[in-house]
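Note that the sequence shown covers residues 5 to 476 in the numbering used here.
Since the hints were made in silico from the structure, they are not lab data. Please read these numbers as outputs of a predicted model, since none were measured by experiment. Where a beta carbon is used, it is the ideal one built from N, C-alpha and C, also for glycine. Don't take every hint at face value.
[Said to hold, decoys possible] Computed beta-carbon distance windows for the label pairs:
1) 178 - 291: 40 to 48 angstroms
2) 291 - 364: 24 to 32 angstroms
3) 291 - 445: 39 to 47 angstroms
4) 178 - 68: 48 to 56 angstroms
5) 295 - 89: 51 to 59 angstroms
6) 159 - 365: 33 to 41 angstroms
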Amino acid sequence: MVPTPSQRAVRASGHPKEVPSASRGNAHRRGMTVSRLGERVRRARELAGLSQADLARGAMSASLVSRIESGTRQPSERALTHLAARLEVSPEWLRRGPAEAESTCDALCRMAESDLASGDTHSAQARLDMASPLARSAVDHTRVALLRSRVRARCGDLDSAVAELMPEWQRALGEGDTTNLLTLTRALLYPCVAGGHSRQAVGLGTRALHAFEGHDLDADEVQRVGATVVWARVESGDHKYARYQGETLLARARTSGGHTGRAAVLWNLAHVESTAGRHDWAIRYGESTLAVLGDRAGARDADFFRARHSMGWLLLRARRFGDALRYFQIARSSLVILGDPDELLCLDVHQSAAHLSRGELRDARRCAEGAVERMADEPRCDQAEAAIVLADIHMARRRRRSAVDLCRRAATLVADAPTGVRTAALWRGIGQRFLAQGESEEACRAFTRALADAGLRPSRAAVEDVAGGGRP
Numbered sequence: 005m006v007p008t009p010s011q012r013a014v015r016a017s018g019h020p021k022e023v024p025s026a027s028r029g030n031a032h033r034r035g036m037t038v039s040r041l042g043e044r045v046r047r048a049r050e051l052a053g054l055s056q057a058d059l060a061r062g063a064m065s066a067s068l069v070s071r072i073e074s075g076t077r078q079p080s081e082r083a084l085t086h087l088a089a090r091l092e093v094s095p096e097w098l099r100r101g102p103a104e105a106e107s108t109c110d111a112l113c114r115m116a117e118s119d120l121a122s123g124d125t126h127s128a129q130a131r132l133d134m135a136s137p138l139a140r141s142a143v144d145h146t147r148v149a150l151l152r153s154r155v156r157a158r159c160g161d162l163d164s165a166v167a168e169l170m171p172e173w174q175r176a177l178g179e180g181d182t183t184n185l186l187t188l189t190r191a192l193l194y195p196c197v198a199g200g201h202s203r204q205a206v207g208l209g210t211r212a213l214h215a216f217e218g219h220d221l222d223a224d225e226v227q228r229v230g231a232t233v234v235w236a237r238v239e240s241g242d243h244k245y246a247r248y249q250g251e252t253l254l255a256r257a258r259t260s261g262g263h264t265g266r267a268a269v270l271w272n273l274a275h276v277e278s279t280a281g282r283h284d285w286a287i288r289y290g291e292s293t294l295a296v297l298g299d300r301a302g303a304r305d306a307d308f309f310r311a312r313h314s315m316g317w318l319l320l321r322a323r324r325f326g327d328a329l330r331y332f333q334i335a336r337s338s339l340v341i342l343g344d345p346d347e348l349l350c351l352d353v354h355q356s357a358a359h360l361s362r363g364e365l366r367d368a369r370r371c372a373e374g375a376v377e378r379m380a381d382e383p384r385c386d387q388a389e390a391a392i393v394l395a396d397i398h399m400a401r402r403r404r405r406s407a408v409d410l411c412r413r414a415a416t417l418v419a420d421a422p423t424g425v426r427t428a429a430l431w432r433g434i435g436q437r438f439l440a441q442g443e444s445e446e447a448c449r450a451f452t453r454a455l456a457d458a459g460l461r462p463s464r465a466a467v468e469d470v471a472g473g474g475r476p
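When you get a sec, could you build the whole thing from the sequences and use the hints?
Now the structure itself:
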């Protein structure tokens, strides 16, 4: 199999620069060079997806390729040129030894990043399995761990995403490596909170923020860590301290931070107020977020339009459905090009909910069906949200059986997802819809799961409270 153009570009970008060929002094040194050259040939062949016969074709035998890879045969200049051409690398890259492990690790990581961007998590994981033993420096280990965590999170396994990063996070904290600690903390907090471990996220983020004090780090990135800790406090139910910490961070960001750090703090303050039901304050903070993002250089990027999507979500929660749809449409205009599939799925779900609330069933169905088309490779909770919105549309059209089937589909998806605050909210929504359709036994099971995922012991009174609208 010949590598794809994207694989060629990524692999080429990971190669070391051309250097003069190593000298061939004594026999011992020559033997070491041949052995390392053979290992590079083998790795490059495996990256290209070629067999030894494929690599040999037209110039040499497969057995000669085997001997070169094992280090028992040194290739001639002609053979080396052929191998390099077939592998789409330079002859000097095959000859060179000192930076071999690092360059190969770098190339594999670049390929894994490309695989993740295209949604191919299986290929990304395979490349990272190859890269892991080649990592030498702390930067290499951090990069591999970050990519492994992204693969796990992309597959919906948030607990494993956290576990991948914890050893490197603890190492960076213990060694005082604040640069890597900042990168790792930023990546660690999201799966920690989204996976239902918000109190752990508060502890990790707070320890990291203390470690950053007195160090010359990117102020925006540090403020984004603080903003995520605010979000974690909201998810753990500590709204009062979340508001206090957010306001403290905002005062600091106004004097020492840049646009992105201030926007992150403002957005999380909007989340604090929205969760507390203070929608007017939430919308003010959201509008301030948009103003900050619009003031920065190169403002009309993906983050600019993601912020419009988030603003629409705030307006949806405030039941200002027309305004929400206006922001969703602005966001869609560019996220169809700049956004990820999961972002577009969430946008479809939110637009469908807004149309449904306005009684626009045809538009609601169109958006919901768009979400369903994107469901196959998305995280379980996102798929469940799409199924619930589609169930609402069928309920509005008085198609009871279809609505119940979609609720059951949503329940199956949520049952396979990592438990946490989000799954608790989804179970509650599923239970309310089962109850509305007269499926009392299934509703009771859903409410029981909502309580369990929220970390509460189920009881009859508690289940009735959740069914009646109490917060799980």
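Going through the hints against the structure:
1. 178 - 291: 40 to 48 angstroms: holds, 43 angstroms
2. 291 - 364: 24 to 32 angstroms: holds, 26 angstroms
3. 291 - 445: 39 to 47 angstroms: holds, 46 angstroms
4. 178 - 68: 48 to 56 angstroms: holds, 50 angstroms
5. 295 - 89: 51 to 59 angstroms: Holds: the Cβ-Cβ distance is about 55 angstroms, inside 51 to 59 angstroms.
6. 159 - 365: 33 to 41 angstroms: holds, 34 angstroms
Of the numbered hints stated above, none is contradicted by the structure.
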